Amino acid sequence: MTELTAEGPAPAAADPSYLKIEGLWKAFGDFVALRDVSLDIARGEFICFLGPSGCGKTTLLRAIAGLDPQSRGTIRQGGRDVSGLPASQRDYGIVFQSYALFPNLTVERNIAFGLENTRRPKAEIAARVAELLALVGLPDQAKKYPAQLSGGQQQRIALARAIAINPGLLLLDEPLSALDAKVRVHLRHEIKELQRKLGVTTIMVTHDQEEALSMADRIVVMNHGVIEQIGTPTEIYRHPATLFVADFIGETNRVATTYSAGAVTLGEAVLQTRAAGFADGAPVTLAVRPEDVLPHAVGHEAEPRPNHLNVRIGAMEFLGSYWRTHLTSPALGGTPLVANFSMNAVRRLGLGTGAEMTVELPAERVLVFPRGDEHG
Amino acid sequence: MAEAAGLPAGRAVRLRIDSDGWIKRAFMAVIALYLIAALALPLYAMLSKSFVTYGFDLSRYEFQVSDDSGTVWGDPVSAATLNEQLGRFGPDDLRSSSDGRLAVTELFPDFSFRSPVKYRIRGTTDNAPYLVGLDLQNSTEWRELDSNTFRRVNLRPVTTTGLQNYVEYFSNPALFSSIENSLFIATISTVLTVLFAFGFAYALNRSCMPYKGTFRLIAMMPILVPSLLPGIALIYMFGNQGFLKGLLFGQTIYGPLGIVIGSVFFTFPHALIIISTALSISDQRQYEAAESLRASKWRTFWTVTIPGARYGLISAAFVTFTLVITDFGLPKVIGGQYNVLAIDIYKQVIGQQNFEMGAVVSVVLLIPAVIAFIVDRQVQKKQVSLLSARSVPYQPRPDRRFDLAMLAWCAVMGVFIAGIIGVCQFAALINYWPYDLTFSLRNYEFNRMDGGGWGAYWNSLELAALTAVIGTAIIFTGAYMVEKIDGFRTGRAAFQFLAMLPMAIPGMVLGLAYIFFFNDPANPLNPIYGTMTILVVSTVTHFYTVGHLTALTALKQIDAEFEPVASSLRQPFWRLFARVTVPVCLPAILDISIYMFVNAMTTVSAVVFLYSTHTALASVAVLNMDDAGDIAPAAAMGMMIFYTNATARVLHALASRRILSRTQAWRVR
Ligand SMILES: Nc1ncnc2c1ncn2[C@@H]1O[C@H](COP(=O)(O)OP(=O)(O)O)[C@@H](O)[C@H]1O
Ligand SMILES: [Mg+2]
Chain A
1 MTELTAEGPA
11 PAAADPSYLK
21 IEGLWKAFGD
31 FVALRDVSLD
41 IARGEFICFL
51 GPSGCGKTTL
61 LRAIAGLDPQ
71 SRGTIRQGGR
81 DVSGLPASQR
91 DYGIVFQSYA
101 LFPNLTVERN
111 IAFGLENTRR
121 PKAEIAARVA
131 ELLALVGLPD
141 QAKKYPAQLS
151 GGQQQRIALA
161 RAIAINPGLL
171 LLDEPLSALD
181 AKVRVHLRHE
191 IKELQRKLGV
201 TTIMVTHDQE
211 EALSMADRIV
221 VMNHGVIEQI
231 GTPTEIYRHP
241 ATLFVADFIG
251 ETNRVATTYS
261 AGAVTLGEAV
271 LQTRAAGFAD
281 GAPVTLAVRP
291 EDVLPHAVGH
301 EAEPRPNHLN
311 VRIGAMEFLG
321 SYWRTHLTSP
331 ALGGTPLVAN
341 FSMNAVRRLG
351 LGTGAEMTVE
361 LPAERVLVFP
371 RGDEHG
Chain B
1 MAEAAGLPAG
11 RAVRLRIDSD
21 GWIKRAFMAV
31 IALYLIAALA
41 LPLYAMLSKS
51 FVTYGFDLSR
61 YEFQVSDDSG
71 TVWGDPVSAA
81 TLNEQLGRFG
91 PDDLRSSSDG
101 RLAVTELFPD
111 FSFRSPVKYR
121 IRGTTDNAPY
131 LVGLDLQNST
141 EWRELDSNTF
151 RRVNLRPVTT
161 TGLQNYVEYF
171 SNPALFSSIE
181 NSLFIATIST
191 VLTVLFAFGF
201 AYALNRSCMP
211 YKGTFRLIAM
221 MPILVPSLLP
231 GIALIYMFGN
241 QGFLKGLLFG
251 QTIYGPLGIV
261 IGSVFFTFPH
271 ALIIISTALS
281 ISDQRQYEAA
291 ESLRASKWRT
301 FWTVTIPGAR
311 YGLISAAFVT
321 FTLVITDFGL
331 PKVIGGQYNV
341 LAIDIYKQVI
351 GQQNFEMGAV
361 VSVVLLIPAV
371 IAFIVDRQVQ
381 KKQVSLLSAR
391 SVPYQPRPDR
401 RFDLAMLAWC
411 AVMGVFIAGI
421 IGVCQFAALI
431 NYWPYDLTFS
441 LRNYEFNRMD
451 GGGWGAYWNS
461 LELAALTAVI
471 GTAIIFTGAY
481 MVEKIDGFRT
491 GRAAFQFLAM
501 LPMAIPGMVL
511 GLAYIFFFND
521 PANPLNPIYG
531 TMTILVVSTV
541 THFYTVGHLT
551 ALTALKQIDA
561 EFEPVASSLR
571 QPFWRLFARV
581 TVPVCLPAIL
591 DISIYMFVNA
601 MTTVSAVVFL
611 YSTHTALASV
621 AVLNMDDAGD
631 IAPAAAMGMM
641 IFYTNATARV
651 LHALASRRIL
661 SRTQAWRVR
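So the sequence lines, in the order shown, correspond to chains A and B. Here the numbering used here is used: position 147 in the first sequence is 147, and no number is missing along the way. Here the numbering used here is used: position 463 in the second sequence is 463, and no number is missing along the way.
Hints in this document: simulated from the structure, not taken from any laboratory. Note that the structure is a prediction, hence the values are computed from the model and not measured. Do not take every clue at face value.
Stated by the list, open to error - Each pair of labels, with its calculated beta carbon distance range:
1. A/Ser-98 x B/Asn-519: 34 to 40 Å
2. A/Asp-247 x B/Ala-473: 52 to 58 Å
3. A/Ser-98 x B/Met-500: 25 to 31 Å
Ideal placement from N, C-alpha and C gives every residue a C-beta, glycine not left out.
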């Protein structure tokens, strides 16, 4: 067992893959839940598995934990092949959505559960439990039973129990989803802080994109048992690899069109893009995020410049920091273009329902995907 | 496991099994072996026995007879030919039991043991056993005997397998009529019990009548006594010297009437528990809806109450039916000449030593029990899914007339139940009914009667304690393995099947199966025959299923992630088991142990075949004393069982409360 204090966050480059998953498949009977999943996780990284419910996140996590073995493929942890090892011979701590705290044991007994038969002196165990309780911010709850604590407190006790044994890997399966929104946001921050302090490699499963974006070093976006994309939150957000990722993380407007010479057309408007690798005339889907629709000017331009579009303002919804605005244009057919305009812009340009305006869709923000990639 | 089509070629990853995994498997193997040895193999032995017949096969033997000089021999002639010529033995004479003997001299009308004629005998096949004196012979070599020795030659039966026993059974009108009788009393008793119990349960759940707690307590009393105790009370009331005999208008209590009344008594609490549960899960909102639609009470009853409780009613009916049709004690005590299946098994085995026919009746008795079991399981599954729906419990509103009617009904049932027990108590304390009505404890001096005396009582207590402790340990551990072990799916399914099986096996059948299996000298487990061990084993097995289901229900309520958490913390499963699982399930564990205890005290059916002189039991002593005409001591012994079980229940309630309050902190929220 490695000692907690001896182990700082190692530079990612020194140990490029603490956890290396290769060609992982999992089938339940005839249903394939994981399909050729490969993944490298560096020591000390905070990784989120993100995807809709039923996409296989938990299945992947359980395979890593040795609770439900994969059907094919290998898992190496810290240079050791753990593919065939039972849970008890792997090196991780786990927190489940239900917390799975032992109801008949006090908080301190719960936390000490993993420490007790390791031939440590009682005093040392007590000290360690106190240290952990302080770490999770509940120093005075030691004698209580889990049922006497709030959901957020239980969650922190579960976390303390999991890290008590200094695991090399911390696995969290939707640890926050049973909590109410406020506590959730607060705990996000705490978990992230704790992870940074301990430097423990962490995998968190979530279906909440905000959670993933705010906590993860890197996000693994999954869908239907395959990995759609792996990347930092900004990469995932700015450069979604697939339409599914673009749709699942953040919002997108999508329009079916065709590609030709680095541009796509919308009616008479021509949109330059940074996309490459499409044949001329290839059917593509264009995706633009609402905040990437930039308000340009009121009124129509007679001759729209590239990446400018004449639209009419439909319904406007005030959402606090911005206006969610529905824009229609003959170029778009029946589907409205949704844009988020800042309060300032609305005021400055005097935008209002029924008005005509020009918007810009900057070339570097126009996302192009092959058509037929609409699943999910 | 079958591989999915979509996977790439290769071998499925299998996790190495850690020491924990091995220990779990070992545990499960031990308990599975227990169930195989205590259930599957005995049943198999019984089933195969029912197909075995013993008979003398004359075509397997040949004789030669000499002239008076003893030197000139006639032609060999088969015994079958001789019998044909003489017509000496009919087919009935050639049937036998396992230790039958057939004197060969019967086939030689001229035989005289003083004549100088000599005889030769041999078998014509490999298996042609015969006795010369006490010497068992089995050979195709000729054996020459003088007439004085030939007098002592007997043929031995050979076994054949086939349906003959069944054919014989179904062509025997006396035996066959037992089926009708059994079905008749079981049906009548079921209808009555379910009706009465429904009324009682309805009063408890749907009225605002007073004294509900008392009535609940009284209604549970029959569980604490052997099923034959109401028989004894009925004899006191309505028997030949009964003080209420006049009420019967010349009818006799010995027969279907007595069996049905007694059956209603002892099945009542079982039906009540099931129906009461069904009524208690009904949804208040449905009644509110019915009321808002201005449905009449009567209509609401038929469109909401009955459909809501239908699974409970069906389940109660099948449970009652099975209890009655498999019960042995009551018809034994009060059945008179009225034969039922369970009695037939007893008579065939104990009376006539015809084990094969006993096995046949057992198989016949298995059929309704197995059907009832299957139906009950299906219904239970449906009821569980009803239960999981979120519902608002029904809150009865006071209604003077209705509450009074309900109170009256419960009072009638309460008087009936308490009356039966009261009569037994009275009988036990009366000096000599009906001549000397002074009180005395004479009837409790069991050592002065046959039937095992006080030793039988202490044996019962020992059996009950051992069954409660060992049985609960086995059952709970087994249920834990079924519910919480990962992988090993086929093994677990087989185990689950074995654990459910005892519920479908009537006690008589189990007891008889044990005779076949454990009394076989070739069985290495034979030494436990006639000991306390076999009584404990049979009782644990007999009552296994209910305990198993109770344990499963409790275990299912425990978070499934406890085991993964414990192994991620590198803790062995038994630590989790001891520190978390068992404490959390303690109420259920106590329930299982009191259930085992009470049933071990009262059971008759399985153990009646298995007790020996050293291991006589109180419940069997009741039966035997009654048989010997010592009815008052039988009632006294029955009451001893009642006191014991009542005390055990009280202690159980106190212990449960103590344990709960000691560990309550974590239950409150
Ligand atoms: N034990 C199982 N048996 C059969 N199918 C399962 C099992 N566990 C999960 N699945 C299926 O595998 C898919 C992925 O499940 P899971 O990994 O739990 O999804 P999630 O991403 O929501 O955590 C789902 O379609 C689920 O129904
Ligand atoms: Mg999940």
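How the hints compare with the structure:
1. A/Ser-98 x B/Asn-519: 34 to 40 Å: Distance hint for A/Ser-98, B/Asn-519 is violated at roughly 52 Å.
2. A/Asp-247 x B/Ala-473: 52 to 58 Å: 56 Å, holds
3. A/Ser-98 x B/Met-500: 25 to 31 Å: 29 Å, holds
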